[in-house]
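Protein chains in written order, with this note's numbering: chain A, 1 to 287; chain B, 288 to 520.
Calculated directly from the structure, the hints in this document are not laboratory data.
In this text, a Cβ means the ideal position worked out from N, Cα and C, and glycines have one as well.
Treat the hints with care, as some may be off.
What the hints assert, rightly or not - Sample of chain B residues lacking proximity to chain A, with all beta carbon distances greater than 10 Å (derived):
id	residue
1	Glu312
2	Asn350
3	Thr352
4	Ser355
5	Asp357
6	Phe374
7	Ala375
8	Asn376
9	Gln415
10	Val455
11	Ser488
12	Glu494
Said to hold, decoys possible - Computed Cβ-Cβ distance ranges for the label pairs, DEER-style:
id	chain 1	residue 1	chain 2	residue 2	range
13	A	Ile151	B	Ala413	27 to 33 Å
14	B	Arg361	A	Thr163	55 to 61 Å
15	A	Leu283	B	Glu343	51 to 57 Å
16	A	Leu78	B	Gly470	42 to 48 Å
What the hints assert, rightly or not - Here are the simulated DSS-like pairs of lysine-lysine, each with C-alpha atoms no more than 27 Å apart in a straight line:
id	chain 1	residue 1	chain 2	residue 2
17	B	Lys461	A	Lys162
18	B	Lys338	B	Lys299
19	B	Lys410	B	Lys439
20	B	Lys439	B	Lys291
21	B	Lys395	A	Lys162
22	B	Lys414	B	Lys390
23	B	Lys410	A	Lys162
24	B	Lys338	B	Lys414
25	B	Lys439	B	Lys395
26	B	Lys390	B	Lys410
27	A	Lys162	B	Lys390
28	B	Lys390	B	Lys299
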Amino acid sequence: MTETAIQGIITGVLMGMIYALIALGISIIFGVMNVVNFAHGDFVMFSMYLSYVLGTALVWDAVQTPLLTFPILLIFGLIVYYLIIDRTLRQLYVVQLAATVGLQIMMRAAALVIWRGQPRALQYSFIQGNFEIFGFQVLTSRFVAAVISLIFIAAVAYFMNKTWAGAAMRAASDDLDAATLMGVNYHRTYALTFALGSALTAIAGGLLMSFQQTDPVGGIRFGFLSWCVLALAGLGSIPGLIAAGAIVGVAESLQVTFFNPQGRLLAVYAIFILVLWLKPRGLFGRK
Amino acid sequence: MQVKGLHSGYGKVPILHDVSFHIDERETVAVIGPNGAGKSTLLKTIAGLVKLTSGELYFDGHNITGTSPDQLVRLGIALVPEGGRPFANMSVIDNLRMGAYSKREVLKTGVLDELFEIFPRLKERAKQMARTLSGGERQMLAIARGLVSRPKMIMLDEPSLGLAPNLVDEIYEKICALRNELGLTVLLIEQNTNYALELASRCYVLENGRIVMEGSSAEMSGSEHIKKHYLGL
């Protein structure tokens, strides 16, 4: 019993790091631009398909594919920003909502048209098997994915805190008018924020494809999961985001281990609702 | 600095009507007027935050009509907005660095050390988040942030707003010392007419989006209109 639980917790924490990475994208977009991108989960789905296509065509391992999907998603994010998001900034909130929900539906439909309904997976990964820590089994692919996720989360934190572009993003997040006075061109800062947030899904997509398959409707799950993580974490705390990712991952994993795997999101939503009810600003956030 | 026939407003709501005035180099000019007269809009229009509908702006011999905020910083104009508005979730030092965002080379000139000498309290709190500062410290931070880019002209929007009287004295002493030390041109907007008249050599009165009076501070202090409506005498 306890051993199964610990096993579940290990799996959950590792998975949670990928959730934290996905949520980081949604967090910087929401935090800096005050834009809710409802299509974020579908960006993950799209990235997973891209990883599938490139991995199959080039005979690459899933973990390598972000080398190409990262720049592709950066450009995709820029296009979506200038084509859609930039035009909704000064509009009613409902316009923004319709735009990103519409994008979500469009992406899902496009995936259905291109790849049909059946799930796709990459055939082979050179990251195989598992290893043992204190008698507990750890899947190597999950472990590698968690480590890479943490590295990229740290890289984004460094970017936000140590570069001029990152400072502009933080300043725009705090006070757009004051940032404009300093000479920050917010269209450009927002475009970079959106592109970066989108490109993080490319990393996550590649990592996910190293141990699971993708299907056209899978995006909605990642979208909801990342919202749960963000709601738990609150805005502006990277350690909080990692902790929240772990909590969500563990909740999901324990639900699968002990209850019904079909309802794997049930425990996650229960926590989500509880946190929104008791601490609407998140467990670790500032705003 | 010269403003000619400026009209400006938000969307379809006109705020400023045919506003013209000038500030000489190293002069301190105050614009006073009641709440809602368009004082803040005037500064925001000069700083490029609000688009003007017609009129022309000149600074240092350049036509700066419609220039973007980053170019204005490079030309040497800085605005300290109403309430200071430092970046609350950034540290004091990061706030100051943001002041150099459009003119990064100034950071190599030791400007931060100079400002820390003038504002020792900001140095003590360099690593603290701006949101943890007191009201007076925030205003100091905002002024310092405006000065990082080594502007020729600084525009101050109600630096006394919301501060206790002893803090207002302190802020104005600092502004006065800075102006004299750095040879700044100052455009001051203030509801607190006493302070404005004391700091400025000349003064314009803005009412309902129009300039209704102008003159030296001494003339203004003697004017019946000013005495009655602004100084409460």
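Hint check:
| no. | hint | verdict |
| --- | --- | --- |
| 1 | Glu312 | 22 Å, holds |
| 2 | Asn350 | 19 Å, holds |
| 3 | Thr352 | 18 Å, holds |
| 4 | Ser355 | 7 Å, violated |
| 5 | Asp357 | 3 Å, violated |
| 6 | Phe374 | 4 Å, violated |
| 7 | Ala375 | 5 Å, violated |
| 8 | Asn376 | 5 Å, violated |
| 9 | Gln415 | 14 Å, holds |
| 10 | Val455 | 22 Å, holds |
| 11 | Ser488 | 26 Å, holds |
| 12 | Glu494 | 25 Å, holds |
| 13 | Ile151(A) with Ala413(B): 27 to 33 Å | 30 Å, holds |
| 14 | Arg361(B) with Thr163(A): 55 to 61 Å | 20 Å, violated |
| 15 | Leu283(A) with Glu343(B): 51 to 57 Å | 54 Å, holds |
| 16 | Leu78(A) with Gly470(B): 42 to 48 Å | 44 Å, holds |
| 17 | Lys461(B) with Lys162(A) | 31 Å, violated |
| 18 | Lys338(B) with Lys299(B) | 12 Å, holds |
| 19 | Lys410(B) with Lys439(B) | 24 Å, holds |
| 20 | Lys439(B) with Lys291(B) | 20 Å, holds |
| 21 | Lys395(B) with Lys162(A) | 17 Å, holds |
| 22 | Lys414(B) with Lys390(B) | 22 Å, holds |
| 23 | Lys410(B) with Lys162(A) | 20 Å, holds |
| 24 | Lys338(B) with Lys414(B) | 36 Å, violated |
| 25 | Lys439(B) with Lys395(B) | 18 Å, holds |
| 26 | Lys390(B) with Lys410(B) | 22 Å, holds |
| 27 | Lys162(A) with Lys390(B) | 17 Å, holds |
| 28 | Lys390(B) with Lys299(B) | 34 Å, violated |
Hints 4, 5, 6, 7, 8, 14, 17, 24 and 28 from the list above are not met by this structure, while the remaining hints are.
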